[in-house]
Amino acid sequence: MPELLIRNGYVLDPLNGIEGERMDIAIKDGRIVESVGRKARVLDALDMTVMPGGVDIHSHIAGAKANCARMMRPEDHSRDTEAKTKYTRSGVGHTIPSVFTTGYRYARMGYTTVFEPATPPLKTRHTHEELNDIPIIDKGCFPLFGNNWFVMEYVKQGRIEELAAYVAWMLEATKGYAIKIVNPGGIEAWRWGRNLRHLDDNVPNFDVTPRQIVRALCEVNRLLNLPHAVHVHPNGLSEPGNYQTTLDTMECARDFRREGRTIMHVTHVQFTGRKGWSWADVRSGAPEIADYVNAHDHVSIDPGQLIFTNVTWMTADGPAMFALFKLAKTKWFNADVEAETGAGIVSATYKKSNYVNAMQWGIALELALLVKDPWKVYLTTDHPNGGPFTSYPRVISWLVSNQARQKLLDKINKTAKRRLNLPGIGREYSLHEIATITRAATAKSLGLESKGHLGLGADADIAIYDIDPRKLDLAREYKAVRKAFAHAAYTVKDGRIVVKKGEVVRSVRGRTFWTKPKVSDDVMKTMMTGLASKFDDYYTVRMANYPIEENYLTASQVITTSAGV
Amino acid sequence: MRTTPKTTLQDVLCTFCASGCDNLEITYEGRVIDSARNGCAISVSRFTTADRSRLLKPLVRKGGKLRPTTFARAIDRAARILNRAKYPLLYGWSQTSCEAISKGIELTELVGGLIDNTTTSCHGPTILGVQDAGEATCTLGEVRHSADLVVYWGCNPVHSHPRHTNRYTVFSEGRFRRTRKDRKLIVVDVRKTDTAKLADRFIQVEPNGDYELLTALRTAVNGEEIEQDTIAGVRVETVEEIAEMMMECEFGALFFGLGLTMTSGKHRNTEAALALVKDLNYVTKFVIVPMRGWFNVAGANEVSTWQTGYPYAVDLTQGYPKFNPGDTSAIDAMTRGEVDAALVVASDPVSHFPREAVKHLLKIPVIVLEPKRTPTSEAAEVVLPSAMLGVEAAGTIYRIDGVPLEAKKVIDPPLGVRSDVEILDAMIKRVKKLGARR
Chain A
1 MPELLIRNGY
11 VLDPLNGIEG
21 ERMDIAIKDG
31 RIVESVGRKA
41 RVLDALDMTV
51 MPGGVDIHSH
61 IAGAKANCAR
71 MMRPEDHSRD
81 TEAKTKYTRS
91 GVGHTIPSVF
101 TTGYRYARMG
111 YTTVFEPATP
121 PLKTRHTHEE
131 LNDIPIIDKG
141 CFPLFGNNWF
151 VMEYVKQGRI
161 EELAAYVAWM
171 LEATKGYAIK
181 IVNPGGIEAW
191 RWGRNLRHLD
201 DNVPNFDVTP
211 RQIVRALCEV
221 NRLLNLPHAV
231 HVHPNGLSEP
241 GNYQTTLDTM
251 ECARDFRREG
261 RTIMHVTHVQ
271 FTGRKGWSWA
281 DVRSGAPEIA
291 DYVNAHDHVS
301 IDPGQLIFTN
311 VTWMTADGPA
321 MFALFKLAKT
331 KWFNADVEAE
341 TGAGIVSATY
351 KKSNYVNAMQ
361 WGIALELALL
371 VKDPWKVYLT
381 TDHPNGGPFT
391 SYPRVISWLV
401 SNQARQKLLD
411 KINKTAKRRL
421 NLPGIGREYS
431 LHEIATITRA
441 ATAKSLGLES
451 KGHLGLGADA
461 DIAIYDIDPR
471 KLDLAREYKA
481 VRKAFAHAAY
491 TVKDGRIVVK
501 KGEVVRSVRG
511 RTFWTKPKVS
521 DDVMKTMMTG
531 LASKFDDYYT
541 VRMANYPIEE
551 NYLTASQVIT
561 TSAGV
Chain B
1 MRTTPKTTLQ
11 DVLCTFCASG
21 CDNLEITYEG
31 RVIDSARNGC
41 AISVSRFTTA
51 DRSRLLKPLV
61 RKGGKLRPTT
71 FARAIDRAAR
81 ILNRAKYPLL
91 YGWSQTSCEA
101 ISKGIELTEL
111 VGGLIDNTTT
121 SCHGPTILGV
131 QDAGEATCTL
141 GEVRHSADLV
151 VYWGCNPVHS
161 HPRHTNRYTV
171 FSEGRFRRTR
181 KDRKLIVVDV
191 RKTDTAKLAD
201 RFIQVEPNGD
211 YELLTALRTA
221 VNGEEIEQDT
231 IAGVRVETVE
241 EIAEMMMECE
251 FGALFFGLGL
261 TMTSGKHRNT
271 EAALALVKDL
281 NYVTKFVIVP
291 MRGWFNVAGA
301 NEVSTWQTGY
311 PYAVDLTQGY
321 PKFNPGDTSA
331 IDAMTRGEVD
341 AALVVASDPV
351 SHFPREAVKH
361 LLKIPVIVLE
371 PKRTPTSEAA
381 EVVLPSAMLG
391 VEAAGTIYRI
401 DGVPLEAKKV
411 IDPPLGVRSD
421 VEILDAMIKR
431 VKKLGARR
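Residue numbers (my numbering), protein chains in the order written: chain A, 1 to 565; chain B, 1 to 438.
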């Protein structure tokens, strides 16, 4: 692999405290090094901004439900096609692009790592098939645990060590990266057409509560020393008044401290940060949630920014999707997975004139602007729920420019504008803060030590944007910001230039990250005996056929942790 | 005299229908499979007669006859045919692995052709129905655990999916439903099938009357009055009774087959069934699961969808995926006489396609990848013998309900016979080389 030297760039590297210094970055064998030889290829980044490659913590790009959505929505594809080129395969899809196109579009925006945040364990072989096929970017996936029968039974019986061993086994079996909880217990209730809304509701037939499930999995996360926090989508998604359940969920994990790291990440809070009693009086719960996050260090959030466009809702939260389908009256897909979880998909369009949509847009921005510390709030659209990931440049422009926000505020539903706190929030993100919420903080939260920064030994995943911060007034020239972030001047992946002037010039293969916690043999043995005795009762697949072999991943990257059990 | 010891392999997946029975026990010695336990009779036959009517050598047509040749020559001939064609069709895919299907899509994009799978002649209307009305579904284990009402509509699993009722529905043992007594079974069909003989209620619908009956059920479920006395040969009281049963169950599951998708109304039938289940979810919990046939027809849809956005009938001639069944579907393009070369993988269109389509297929050069002799392989220009997936080659497949499973390699393929993946890979390399030369 040829050496590469990125010269004269204006470097933003928040993890290493570099806030816009002109410096050179040397790359050898896919990593950042001290210096390179004179024969190294030189890439002149004069008057440009250099950042680590983007790291997306939450984007539904692969797996069973993404593919059901693609299958159900041909109308999404025919208006957004990409023909094959010398370097790229063809593809389609506005809100749910096909896999090759997904990789290229992320790379064009300077993103190099993306995590699929919800995979039903039984169908995770499918998720990996798609992840294998997504070019350029590194990736990983979070298996769902919040409605798993084994989990709920261990919780009920208070067998926390065995639960830890089970989670460890499942992460290895599915080649998963972190613990994901979606609507804890509520999807099990959906088996009978019901739902759970609050943290202390009872799960039918299992006699446990969402609170017990969340707390037990936080405890397991700490015991297994997992790189990422427990990734939580709380109960009561999208319902008016659900901000209280979100606050309760955060508060219930307050006593689980991890040195310098969060124990819980609460995701797409825009969908669970609503005050009010009915759809007509939905209000923003963002100030309360932001206050909580500002005052506590055990939790981080992402807003799941809404974009006024056509979208596809997809989540493991089957009951929430059915409730939303009854409002949207479009197309609804439901796919429950035995003994584990569910999935719902609905097509929808967000309109500026719609009161609730306008509130959602505002709540998401309020969350991003009211949380003071950019290390606690990350950029997401909960792709494709809030909007497609290709809207990130638009979201960045709203964050750096009050003018951009005000302009849109004038066009949204008047009542929503009146009731939002957004018009009174003047904060504007700096470029350094943008670099934090889009790569540094997400990489840190995910526990990816070689990502999200440009220090020695880091993966040479780098984005170069055509932004000269000394000349460009971000707040006034927000359209230029949008353009720059939509089409990276260069994207470098593992030391290779993959994008030039916003076009893919080379396709490489990204790696798939997964976690392998090492649990003591005794605990593992006890757990396995119990698991084997029940597996055939719970599943229609034999236990021997359940785990995914490591060689199934075309480029496997394992992170090993040593557990406290 | 036996010299090598017998080997027994546990937890083997059956690669016949899409039920995904993965608990087979296969005993073999060298290349000979002695027995296949735990499966149905079809499964036993698939494994123990693997060596019958095999294609063993690559063949190319010369002077009107298929003659043995080398692998390289057969690949070269196939690549030239595809490269020369203006509108090649790459068809089949439901009896091979997802890995092979993936190669097939790559090859189609490379030569600028049309790729379609056997969905086009079985559950294509199901997909069109889903694209109109959505789908409330689940994995088969959910049905096993929870369903207290099972409906088989226009399908006969006792013969088509022999283990289905035992593994997943009325005869299975689940968490919340333990025995046959805990479940009701309704069968809707045009004749009293062997599945119907197991039913608590058998509803005999007039041929092509499914749409009418489904619509009447929707009417009843939605609380409206039906004015006729009989609906598609079924008394209205019966319709109302069935609707009542559906609304009163705790967890219902409707399975449907080609009796719905390939009778008059086609995707309107499936749409009506999908909409009925959707309506029922306002009242109780109800799911619908299509009875997919071949063991990886669901996988063919999955791979095609994640790589091109569309589950079948994908036209890649413009350099990007286009989907317009009726226009870009295999049978239609063939009947119109537009296809000028075909690659058929693990399928037998000469036996299954309508006469007009077959007539055209017999006029154009056809390349066949297939383990056994078929009418299509007899009519081919190039024949590449391939390994049987799940017997002689490993790979990923998708069960009826989208659960991905790994098919195992039990024995070696016959000497010199390669897997579909290897053959397609060689073809892609050859096409690229020829393309570069051109």
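It is worth saying that the hints were derived from the structure and are not from the lab. Just so you know, not all the hints are guaranteed correct.
[To be verified] Calculated cross-link-like contacts (lysine-lysine; reagent style DSS-like; alpha-carbon spacing at most 27 angstroms):
1. A/K84 - B/K372
2. A/K275 - A/K329
3. B/K408 - A/K534
4. A/K86 - B/K408
5. B/K408 - A/K516
[What the hints assert, rightly or not] If you anchor each label on the Cβ, the simulated ranges turn out as follows:
6. A/A532 - B/R61: 48 to 56 angstroms
7. A/S353 - B/T230: 42 to 50 angstroms
8. B/R201 - A/R509: 49 to 57 angstroms
Backbone N, C-alpha and C fix where the C-beta goes; we use that ideal spot for every residue, glycine too.
How the hints compare with the structure:
no.	hint	verdict
1	A/K84 - B/K372	violated (36 angstroms)
2	A/K275 - A/K329	holds (24 angstroms)
3	B/K408 - A/K534	holds (24 angstroms)
4	A/K86 - B/K408	violated (36 angstroms)
5	B/K408 - A/K516	holds (26 angstroms)
6	A/A532 - B/R61: 48 to 56 angstroms	holds (55 angstroms)
7	A/S353 - B/T230: 42 to 50 angstroms	holds (49 angstroms)
8	B/R201 - A/R509: 49 to 57 angstroms	holds (55 angstroms)
Taken one by one, the earlier hints fail for this structure at numbers 1 and 4, listed in ascending order.
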